[in-house]
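Peer 1: If you read the protein sequences in the order shown, they are chains R and B.
So that you can map any letter, position 117 of the first sequence is 116 in my numbering, and since no number is skipped, the others follow by simple counting.
To get my numbering, take the position in the second sequence, counting from 1, and add 11.
The hints are simulated quantities; they were obtained by calculation from the structure and are not laboratory data.
Each hint should be verified, as a subset may be incorrect.
Pair by pair, the computed Cβ-Cβ distance ranges are [said to hold, decoys possible]:
| no. | chain 1 | residue 1 | chain 2 | residue 2 | range |
| --- | --- | --- | --- | --- | --- |
| 1 | R | I149 | B | E408 | 53 to 61 angstroms |
| 2 | R | P237 | B | L36 | 29 to 37 angstroms |
| 3 | R | R232 | B | T24 | 40 to 48 angstroms |
| 4 | R | I173 | B | E94 | 57 to 65 angstroms |
| 5 | R | P237 | B | E408 | 27 to 35 angstroms |
| 6 | R | K221 | B | T210 | 34 to 42 angstroms |
| 7 | B | N412 | R | Y148 | 53 to 61 angstroms |
| 8 | R | I149 | B | L36 | 38 to 46 angstroms |
| 9 | B | A147 | R | M15 | 44 to 52 angstroms |
| 10 | B | S446 | R | P237 | 32 to 40 angstroms |
| 11 | B | S23 | R | L1 | 53 to 61 angstroms |
| 12 | R | I153 | B | R38 | 43 to 51 angstroms |
| 13 | R | R232 | B | S23 | 40 to 48 angstroms |
Positions of the beta carbon are idealized from the N, C-alpha and C atoms, including for glycine.
Single-letter residue listing:
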Amino acid sequence: MLGYIIRRILAVIPVMTIVAVFVFLLLRLTPGDPAAIIAGDMATPAQLDRIRDSLGLNDPLYVQFITWVGNLLQGDLGTSIISNTSVTGMISERIWPTVNIALLTIIISVLLAVPMGVVAAWRHKSWIDYGVMSFSVLGFSIPVFVIGYIFIQIFSNELRWLPVQGYIPPSESIGGFLARAILPCLTLATIYVALIARMTRASMLEVLGEDYIRTARAKGVKEDIVLFRHALRNAAVPIMTIIGTGFALLIGGVVVTESVFNIPGIGRLTVDAILARDYPVIQGMILLTSGIYVLINLLIDLSYTFIDPRIRY
Amino acid sequence: MAFKNRSFDDASTVLDIRDLTVRLLDRPEAAPILDRISLSIRSGETACLVGESGSGKSVTSLAVMGLLPKEALAATGGTIDMEGQNLLKLGAQKMRELRASRISMIFQEPMTALNPVMRVGDQIEEVLDTHAKFSAQEKKRRVIDIMNQVHLPDVERIYRSYPHQLSGGQRQRIMIAMAIILEPQLLIADEPTTALDVTTQKQILSLIAELQEKHGTAVLFITHDMGVVAEIADTVHVMHHGEIVEQAPVGELLRTPRKDYTKRLLKAVPSLVPQPARPDEKRGEALVVEGLEKIYGGQGFLVKRESTLAATNVSFSIPRGRTLGIVGESGSGKSTVARCILRLIDPTEGEVRVANTEIARLSRRALRPHRRHIQIVFQDPFRSLNPRWTIGESLIEGPLNTGEDRTKAMKRAQELLSLVGLPEDAVSRYPHQFSGGQRQRIAIARAIAMEPDVLVADEAVSALDVSVQAQVLKLLADLQKKLGIALLFITHDLRVAAQICDEVIVMQHGRVVEHDTAANVLSNPQHAYTRALIEAAPGRNWDFANFCELPAA
Chain R
0 MLGYIIRRIL AVIPVMTIVA VFVFLLLRLT PGDPAAIIAG DMATPAQLDR IRDSLGLNDP
60 LYVQFITWVG NLLQGDLGTS IISNTSVTGM ISERIWPTVN IALLTIIISV LLAVPMGVVA
120 AWRHKSWIDY GVMSFSVLGF SIPVFVIGYI FIQIFSNELR WLPVQGYIPP SESIGGFLAR
180 AILPCLTLAT IYVALIARMT RASMLEVLGE DYIRTARAKG VKEDIVLFRH ALRNAAVPIM
240 TIIGTGFALL IGGVVVTESV FNIPGIGRLT VDAILARDYP VIQGMILLTS GIYVLINLLI
300 DLSYTFIDPR IRY
Chain B
12 MAFKNRSFDD ASTVLDIRDL TVRLLDRPEA APILDRISLS IRSGETACLV GESGSGKSVT
72 SLAVMGLLPK EALAATGGTI DMEGQNLLKL GAQKMRELRA SRISMIFQEP MTALNPVMRV
132 GDQIEEVLDT HAKFSAQEKK RRVIDIMNQV HLPDVERIYR SYPHQLSGGQ RQRIMIAMAI
192 ILEPQLLIAD EPTTALDVTT QKQILSLIAE LQEKHGTAVL FITHDMGVVA EIADTVHVMH
252 HGEIVEQAPV GELLRTPRKD YTKRLLKAVP SLVPQPARPD EKRGEALVVE GLEKIYGGQG
312 FLVKRESTLA ATNVSFSIPR GRTLGIVGES GSGKSTVARC ILRLIDPTEG EVRVANTEIA
372 RLSRRALRPH RRHIQIVFQD PFRSLNPRWT IGESLIEGPL NTGEDRTKAM KRAQELLSLV
432 GLPEDAVSRY PHQFSGGQRQ RIAIARAIAM EPDVLVADEA VSALDVSVQA QVLKLLADLQ
492 KKLGIALLFI THDLRVAAQI CDEVIVMQHG RVVEHDTAAN VLSNPQHAYT RALIEAAPGR
552 NWDFANFCEL PAA
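Please model the complete structure; the sequences and the hints are all you need to start from.
Peer 2: Given below as structure tokens:
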């Protein structure tokens, strides 16, 4: 088991190396002078020189790479061209809102979707099942920003229960955080509830047909225990996979929701960086998102071995 | 042989089923699944319910347990009486309390009947949690006690094991422990030994008998195996198309069956006495295997994995028109050998010559043209045909791959279907429109479409009912005579081997322990393991087809 964990962690190294090489080459292999790309159309020759110098573009490529990786390993992602501050600093400032929102979203989604999927499978082809499936289709098809604005209209403008937008870190005030985070999280959760409920239902339907479910019933076990103790854990592997991928997507791609609710997260940081051609920030974001994907995949794989004792590598 | 001959006149009736009728919910006008069946079991009695697949045996047991699939089946008439209560009238809650405490059930597949992600100790304990309140210590004590009673070894370790860490026999013992821990009055056993090896089957049967003796349990034993019936039954109920056609004490039923259906069923039971030897026509070897070996595992990433010797030093040859059987229990390596010969897996060592070409070392590409010379029929006809393809598509895929013309192949497919006894228009139909026996005929037609020199049948009749089994065996023999194919027949069933094989190889732990003519292996076994296998075959002293004792060998 420990051996497997270590091997799995070691396997992260080559993946991240490839990502690093790609990110490094992104700038260097783009046609034209990287300094000119970075500086933009309006740059003076003096500015270009300064940029070229700060990027070490006058050194051979491999020296540049080694210097860059060396800095990277020390947590130095370079300096933003626009704000002239450290990219690491910018990201670490903006990542927490995103992570907090993502966590809360996933928790809400799982708490809603898993019971929905379980009950839909249990009462297969009943009105509950059809209800859950219809909700799923809706959840998939309505764009996030529409749901966001509908929520704001209902809960903030009409009922005046919640603030329209903004963000307060939970370290400052849990209540303030929840009041502002609940709408964006519900908005984001819609699609994940749809997705996870569907997956839970499909996986449970399969498991409920298994012989050991019949065995549990033959033992006189109550239905709720049959469903949640016997069936759900056996159905959990695909559900975990969806939850993990969902979480990774939430970290990388919640630009629209962050914009609608005015949350200072990394989604908007990325978009701003792309629009401003702030290459060091873009590079930092690519590294960060791929790192998170790799990490979450690692955690999902490890979770399998805890869910199902038959899975041993 | 000695049948059970006990009297139950003084014993109390545990279960009394009267005129039970079960129908399909969505087609109430169709013929009922169970048609007014009646049977009763007294305490200490073993009642066997026998019949072929689809006869309604399992539905009967599920109806008693109150576990009929709610959305599909419903009991529409009759009563199931247990100690003065009609179970059909009992509410869901009351019925649940009854399960495992007064009626228990063990199922066929020990591989799938236990929850794979729960420790087996916890699964037994759950029965106690559901029906009684004990302290944690008392629970553990009772579970360990019942595990000892079902003769599990190393109980403390097994208590903490997951199902996949146990053998099939051990899992079935866990199932039994779970079923009897609360000492129910009635134990329903639905084909509990069908998926087990004969030697394990023997142990499980004697375990059930022992526990029944000890606790006076009534047992409703469902089986399709007449051998098992002969060994364990007090009374036998024969089911056919949802009706009980004959019920009698076991000795009476096997000696003097009254109904035609019962006679047909008994006549279809293959005999353990080998068929008279066929003359060897010396037509040259179709398949030669020399020093075959297969080792699994051995290499791993960063860690050295333990290797498993699946087969070693296997050598034999089959002349054209002859049949060689490989007999052995699960894990003996018989299927590994079959797969190596077909190059579905690559042998580690040894030679395989098919039609005088050595194929064990050929590359995948170089092997392709030789594949047609050796074909296989698999065990499960329900899963070995692509459900989305018409029969015709399945039959011509092989010939098309070897460059045959489509119209010609399709025409040939129709000929093949009539050769295996199916209508020619079957080409345009789909697998689900055929019964298991018909599908196995299709699988055979698919294999011979390639005009192979060697046909491998891997447990090809094991999933079929005995009457269908007899027909498929006859088909194979006929085709062999007509086409001169060499047949490699892999089976765990000595009765089947006795009916079709010229020679028999017995394998154990990946090694050949005995290799001789079928007559010699079965009537004069040399190796202790072969003797144990024959010893364990249920009902081996009874000639079912002739309703009499077999003459002592």
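Peer 1: Among the hints numbered above, which are violated by the structure, and what are their numbers in rising order?
Peer 2: Failing hints: none at all.
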